[in-house]
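Visitor: Sequence lines, in order, name chains A and B.
The first sequence begins at 1 in this note's numbering and counts up one residue at a time.
The second sequence begins at 1 in this note's numbering and counts up one residue at a time.
Since the hints were derived computationally from the structure, they do not count as laboratory data.
Warning: the hint list may mix true and false statements.
[As the list claims (entries may be wrong)] EDC-like mimics (lysine to aspartate or glutamate), calculated; alpha carbons at most 20 Å apart, straight line:
#1 A/K43 with B/D96
#2 A/K85 with B/D87
#3 A/K83 with B/D87
#4 A/K271 with B/E58
#5 B/K131 with B/D147
[Said to hold, decoys possible] Some chain B residues close to chain A (C-beta under 7 Å, calculated; not the full set):
#6 L57
#7 D63
#8 V64
#9 Q67
#10 T92
#11 V95
Every value quoted in this text rests on a predicted model; they were computed, and no experiment measured them.
Cβ atoms here follow ideal geometry from the backbone N, Cα and C, with glycine treated the same way.
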Amino acid sequence: MTSPSLSSSPPIIRAGFIPLIDSAPLIIAKEKGFAADQGVKLKLSREVSWANIRDRINIGQFDVAHMLAGMPIAANLGIGQIKSKMIAPMALGRGGNAITVSRSFYDRLIAMGGAPKDPLSLGHALKRVLDQRKIEGEDLLTFAMVFPFSNHNYQLRYWFAASGIDPENDLRLIVIPPPYMVRSLEAGQVDGFCVGEPWNSIATDQKVGKILLQSSQIWPAGPEKVLGMQQAWAEANSDLLAALLRAVDTAAAWADDPANKAELAQILSRKNHLEVDPNHILSALQNGMRFSRQNGVKAKKQDALWLFAQMVRWGQTEHSKEAWHLVEKTYRPDLLENATGEKSETKSTDLEPAFTTPLGGSPFDLNDIEGYIRSCTIRSGKILCNAP
Amino acid sequence: MDKDLKILIIDENPVRAAILNEGLDGTKHLRVEWISDTNNLLERIAVLDPDVVLIDLENPNRDVLEQMFQVSREVMRPIAMFVDQSDSAMITASVDAGVSAYIVDGLKKERIKPILDMTISRFNAFSRLRKELDETKEQLEERKVIDRAKAILMQQKKIDENEAYTLLRRNAMNKGKKISEIATSIVTAAELLN
Chain A
1 MTSPSLSSSP PIIRAGFIPL IDSAPLIIAK EKGFAADQGV KLKLSREVSW
51 ANIRDRINIG QFDVAHMLAG MPIAANLGIG QIKSKMIAPM ALGRGGNAIT
101 VSRSFYDRLI AMGGAPKDPL SLGHALKRVL DQRKIEGEDL LTFAMVFPFS
151 NHNYQLRYWF AASGIDPEND LRLIVIPPPY MVRSLEAGQV DGFCVGEPWN
201 SIATDQKVGK ILLQSSQIWP AGPEKVLGMQ QAWAEANSDL LAALLRAVDT
251 AAAWADDPAN KAELAQILSR KNHLEVDPNH ILSALQNGMR FSRQNGVKAK
301 KQDALWLFAQ MVRWGQTEHS KEAWHLVEKT YRPDLLENAT GEKSETKSTD
351 LEPAFTTPLG GSPFDLNDIE GYIRSCTIRS GKILCNAP
Chain B
1 MDKDLKILII DENPVRAAIL NEGLDGTKHL RVEWISDTNN LLERIAVLDP
51 DVVLIDLENP NRDVLEQMFQ VSREVMRPIA MFVDQSDSAM ITASVDAGVS
101 AYIVDGLKKE RIKPILDMTI SRFNAFSRLR KELDETKEQL EERKVIDRAK
151 AILMQQKKID ENEAYTLLRR NAMNKGKKIS EIATSIVTAA ELLN
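Chain A on its own, in the form it takes in the complex:
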């Protein structure tokens, strides 16, 4: 080497991921060469817990990471950790979560009048089961999800509450790492769970459980995972970030192309990625999972505020004007738009101020989150004690 410059080797971006199907845009960006096309060397690290992802981003061991949609919000608000400025310019996946219960419990819900695939009817059947158990003095039922700031947590709670079930008192809600879900259901340690794919499909394929509801049936179509990073890193590396966003955006579109499904499943199934049978991944991909912005997978500001409302509703944080503004600045779709040079038809930086939620109740108005929460009869947010 004669040149003292290192410009010949591409800059490295260190990315953490959890072995779930919606890590696909990151994995594909590397494996199909989309990152290299953008002059970026993507170094992927598989992690076993969301807590590890959070810590490694915080101390700068990762530049970016596959994160639960609520994680950068919790970071900005300093819930359960020190406040740290985090942004998410793009979403990595939407859908793919489902509520799965044991086969016998599924039959019981149907016997109690639950209509298959009908969220409220099944929820009311569950309520009748819980009421009966209470009378007979039986133990509380246990449902599992994956992290306090996961959509899974909020989706379960939203469905319970819409069905008249108080998730704080009528049952037990615990965290189980995704790879242990199926085993826990089989061992009877939990009665049901809400988790991302491929674990619902694996439970079904192994005849351990039955999918009760897809998350898309109970929840507004917001992002499930996002690409999160420290704001300081994004600001100091804006060109590099733009290159990465273009690469991951291209990878997401590739992953959504039906012609690529078999190859996608094959790549994801590898030992250093998800390390599960590609057939499980293929069945999971049938369950309405999407990766690309062309299919509406975006990190919109209203999605962040909807998640913030869940955090307030369930007492993880308190509502304040200051918090609202921190949340509003967390998702940065403008960075993706600038990087790709393509604007969506409706400017995604515009807020959709109010939307109707799938299971009824008052419409969600993001300019009046307190009002929305006050309209919810089941909630545990502290702020409401002082509400007029």
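Since the structure of chain A is already known, use the hints to place chain B on it.
Guide: For chain B alone, kept in the frame of chain A given last:
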């Protein structure tokens, strides 16, 4: 006089837990407990009521703890080390060593620091041990395959052991490969041809 500190180690690896336990045990005013599996974790933590919980970073049950400490009314709610970021060097050192700590709020830093220092150094010592063990195992495997390749060469080419080894080494040098790699291909070829 401060009361004794209760330390809980959650680690599926009994050897590493023993190494850490041994290190902490010498410290005054410490009580150390170890659990290897996380069945009924909440109930067990409630009974132990630890001031500090140490868990290795390869354990997916970290996320279980996060939830437990956030919502539980039954335990004292230790919090992840990150809540007090004043000592970021220590935090980085512990992540590098592969361990994470949850600490009950309000504990004095001077009481925590020696515990974390000890934990980090014991975790690093364990990693070194494991690395040495892996290397030894690998060397043993290499030695075995080289011996088999030598035997094949001796038999096929009617040469003695020294000549067989020289042949292997020269081939490896010419091809820019390790002797064990050349040996592996000879053994594989012999298995295919027999």
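Visitor: If a hint holds in the structure, say so; if it doesn't, say that too.
Guide: Against the structure, the hints come out as follows:
1. A/K43 with B/D96: holds, 17 Å
2. A/K85 with B/D87: holds, 19 Å
3. A/K83 with B/D87: Measuring from Cα to Cα gives roughly 15 Å; hence the hint holds.
4. A/K271 with B/E58: Holds, at roughly 17 Å.
5. B/K131 with B/D147: violated, 24 Å
6. L57: Check passed: Cβ of B/L57 comes within 6 Å of chain A, closer than 7 Å.
7. D63: holds, 5 Å
8. V64: holds, 5 Å
9. Q67: holds, 4 Å
10. T92: holds, 5 Å
11. V95: At about 6 Å, which falls below the 7 Å cut-off, the nearest Cβ of chain A leaves the hint on B/V95 intact, so it holds.
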